[in-house]
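A.B. asks: Generate the whole structure from the sequences, applying the supplied hints.
Next come the chains, spelled out residue by residue.
Protein chains: 2
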Amino acid sequence: MAAMTSLDLSQDVVDLTAALVDIESVSGNEETITDAIEAALDPVPWLELWRHQDSLIARTTLGRSERVVIAGHVDTVPINANLPSRDDGKHIHGLGSCDMKGGVAVALLLAASLAEPVRDVTYVFYEAEEVEAERNGLTLISAVRPEILAADFAVLMEPSNAVVEAGCQGTMRVDVSTSGVRAHSARSWNGVNAIHGAAEVLDRLTSYEPRRPVIDGLRYHEGLNAVAISGGVAGNVIPDACTVSINYRFAPDRSEPEAEAHMHEVFEAFDVVVSDSAPGALPGLHRPAAAAFLEAVGGSANPKFGWTDVSRFSSLGIPAVNFGPGNPELAHTQAEFVPHAHLRSCLEQMTAWLF
Amino acid sequence: MAAMTSLDLSQDVVDLTAALVDIESVSGNEETITDAIEAALDPVPWLELWRHQDSLIARTTLGRSERVVIAGHVDTVPINANLPSRDDGKHIHGLGSCDMKGGVAVALLLAASLAEPVRDVTYVFYEAEEVEAERNGLTLISAVRPEILAADFAVLMEPSNAVVEAGCQGTMRVDVSTSGVRAHSARSWNGVNAIHGAAEVLDRLTSYEPRRPVIDGLRYHEGLNAVAISGGVAGNVIPDACTVSINYRFAPDRSEPEAEAHMHEVFEAFDVVVSDSAPGALPGLHRPAAAAFLEAVGGSANPKFGWTDVSRFSSLGIPAVNFGPGNPELAHTQAEFVPHAHLRSCLEQMTAWLF
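Sequence lines, in order, name chains U and S.
Note that my numbering has the first sequence beginning at 1, numbered continuously upward.
Note that my numbering has the second sequence beginning at 1, numbered continuously upward.
Read the hints as simulated data drawn from the structure, not as lab findings.
Keep in mind the model is a prediction, meaning the values are calculated, not measured.
Any given hint might turn out to be false.
Said to hold, decoys possible - If you want a taste of the chain U side facing chain S, the calculated C-beta under 8 Å gives, among others:
| # | residue |
| --- | --- |
| 1 | A133 |
| 2 | I195 |
| 3 | L205 |
| 4 | S230 |
| 5 | G235 |
| 6 | N247 |
| 7 | T351 |
What the hints assert, rightly or not - Residues from chain S that face chain U, not an exhaustive set, calculated with beta carbons under 7 Å:
| # | residue |
| --- | --- |
| 8 | R173 |
| 9 | R187 |
| 10 | S188 |
| 11 | N193 |
| 12 | T206 |
| 13 | A226 |
| 14 | A228 |
| 15 | G306 |
| 16 | P339 |
No residue lacks a Cβ here, since even glycine has one placed at the ideal position from N, Cα and C.
C.D. replies: This is the structure:
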């Protein structure tokens, strides 16, 4: 056994973020960081811990009338010559600094410092968010003990520039295929070229006008994009098949069945097969728990364009928002970083909401 | 050493074709068949033999005012559960029956029977036509002893339905690429989609009107076709590159530089890179040797759409045609066959021309 890596929860949120970054935790390798979190929270008298694989839940049980979830994933995308952390005096740089060890640091300090929050809190530190859904810690927990996630509201501390990002857009991938008839390319008139047949598919994509609906005061922005195309048999053969893989990002006022129906409408007369899909989540900012949170953290919210685990909470019937330090555009980039100012303002605002 | 496989040149052209099919000679494995051909022609007193690797040349040296080449390759595409040969009473079936052991059988019987042809003849039985140009027997011979191929006219006994196919179209492959800017597909407006950029390339292909020029009375038929397309980074990334591989088949009144210039014209504003090219060959039917041949074999000719070794002779300054038994559409198919009637009519017409 390696010596236990320990985390000092009495340190500043900036230093704690750096310490978390320095515990490498690429998806699949979360044991060390979760051990360290568990060891650090175990002595905290007002928390009840429950661990499942490399996810850890810490709950207050004060009998408050409201319960909220504060959640963050502990894994990162793969190392990209960006460890250990580096502090330039204004930002912590390094793998996972932005996505999302800064948010985990804020949640850990809330858990360790707020003995009597005005709302009961379920802190969730979970594994495997950056990989396939089947391995996701939230998926695993909700499969074995869904009631432990029950809450009136959830804050996912994903990077959102320390501003509330509400709801999320759904995402669907469809394969649009064309078929043809093979022939020798020297006598192409004997065949039907499936790649040429895909011209119309691309034309529909380029002329597509994405919706930008306003929901709960937030303007979403859909997108319809080819993400892959393939076709071809050999250099002297008219190809008989071509497939365009298309990613549709749809605003949360549209359900998955409605999104699929729309794909069949846009690509009418083509073969359309859904290969992957996840629903969006309505912002739900009018609900009391969400409205109170929004007011506590400054009153403004942006729409979330990308898909996040907010949708997973939404499907459990729990309204949820993203709110965390760091610029989401930097997530998964080699040069990701998180500003000290974001870390401090998030901690301050969350504390104000719960204190 | 295995026992020498022998060929009996006193047998009928149909039986000889079957015997040749039964000597497996997939490209790279031509030694046995070329040994058999050499052994069969060696006793013929009016022929002078020269072997280079697994290609064999047999020449008459009668001092005629004209010399012609009669050529056929001895290799085949890979075995496809189509050996040994089968004779259904009207056709010989089996690997290479059509492409082109029927033509080789005709050439062998001419070589063995015509002691005093009215034109000197250079019979060429060559290796590795079905694979890359560097291994092609004609390429190898013209590199080490080009003068041995010198002639006024050449007949390539490739399958042509026993009708003259004159000239051949050139072939060029170009990669037309588009570029873009990667972005997360949830915020696609931050990127530029290179696959969408290829819509215009496909549109130009679908609206392209191929030329059908008449040359020496033969109507050629060009073709411009995508033969492959690829693009895509990941399912959630706006792709920054897409490449369409395009095959241009051009009539022999157009040179390779002209064909390339035309590609740059058609795909103006796109990145166009030539990956492969081979020139066409003009039919040259007005030349005396060709005209005499055409008259002897029935007077009619078709244009050759595909690229053949006719172009190789053409580039050596030797007008050439395809003329041989078998339907070229059956070449490289598992079910290839050659009709008895084609074998007999080709042998008869070639004999009439040379006798």
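A.B. asks: Run every hint past the structure and note whether it holds.
C.D. replies: Hint check:
1. At its closest, the beta carbon of A133/U sits 13 Å from a beta carbon of chain S; the interface hint therefore is violated under the 8 Å criterion.
2. A hinted interface residue such as I195/U counts as satisfied when its beta carbon comes closer than 8 Å to some beta carbon of chain S; here the least separation is about 4 Å, so the hint holds.
3. Because the beta carbon of L205/U sits about 6 Å from the nearest beta carbon in chain S, less than 8 Å, this interface hint is met.
4. For the restraint placing S230/U at the interface with chain S, the shortest Cβ-Cβ distance is roughly 6 Å, inside the 8 Å limit, so the hint holds.
5. Because the beta carbon of G235/U sits about 5 Å from the nearest beta carbon in chain S, less than 8 Å, this interface hint is met.
6. Because the smallest distance between the Cβ of N247/U and any Cβ of chain S comes to about 5 Å, under 8 Å, the interface hint for this residue holds.
7. This hint is violated: T351/U has a C-beta 30 Å from the nearest C-beta of chain S, more than the 8 Å allowed.
8. Because the beta carbon of R173/S sits about 6 Å from the nearest beta carbon in chain U, less than 7 Å, this interface hint is met.
9. Satisfaction of the interface hint for R187/S is found here, the shortest Cβ-Cβ separation to chain U being roughly 5 Å, below the 7 Å cut-off.
10. Satisfaction of the interface hint for S188/S is found here, the shortest Cβ-Cβ separation to chain U being roughly 4 Å, below the 7 Å cut-off.
11. A hinted interface residue such as N193/S counts as satisfied when its beta carbon comes closer than 7 Å to some beta carbon of chain U; here the least separation is about 6 Å, so the hint holds.
12. Evaluation of the T206/S hint against chain U yields a held restraint, the C-beta minimum of about 5 Å falling below 7 Å.
13. The interface hint given for A226/S holds, since its Cβ lies 4 Å from the closest Cβ of chain U, which is under the 7 Å cut-off.
14. Interface restraint check for A228/S: the shortest CB-CB distance to chain U comes to about 3 Å, inside 7 Å, so the restraint holds.
15. For G306/S, the shortest C-beta to C-beta distance to chain U is roughly 4 Å, which falls under 7 Å, so the interface hint holds.
16. Using the Cβ-Cβ criterion of 7 Å, the hint placing P339/S at the interface with chain U is not satisfied: the shortest such distance is roughly 21 Å.
The structure shown violates the earlier hints numbered 1, 7, 16.
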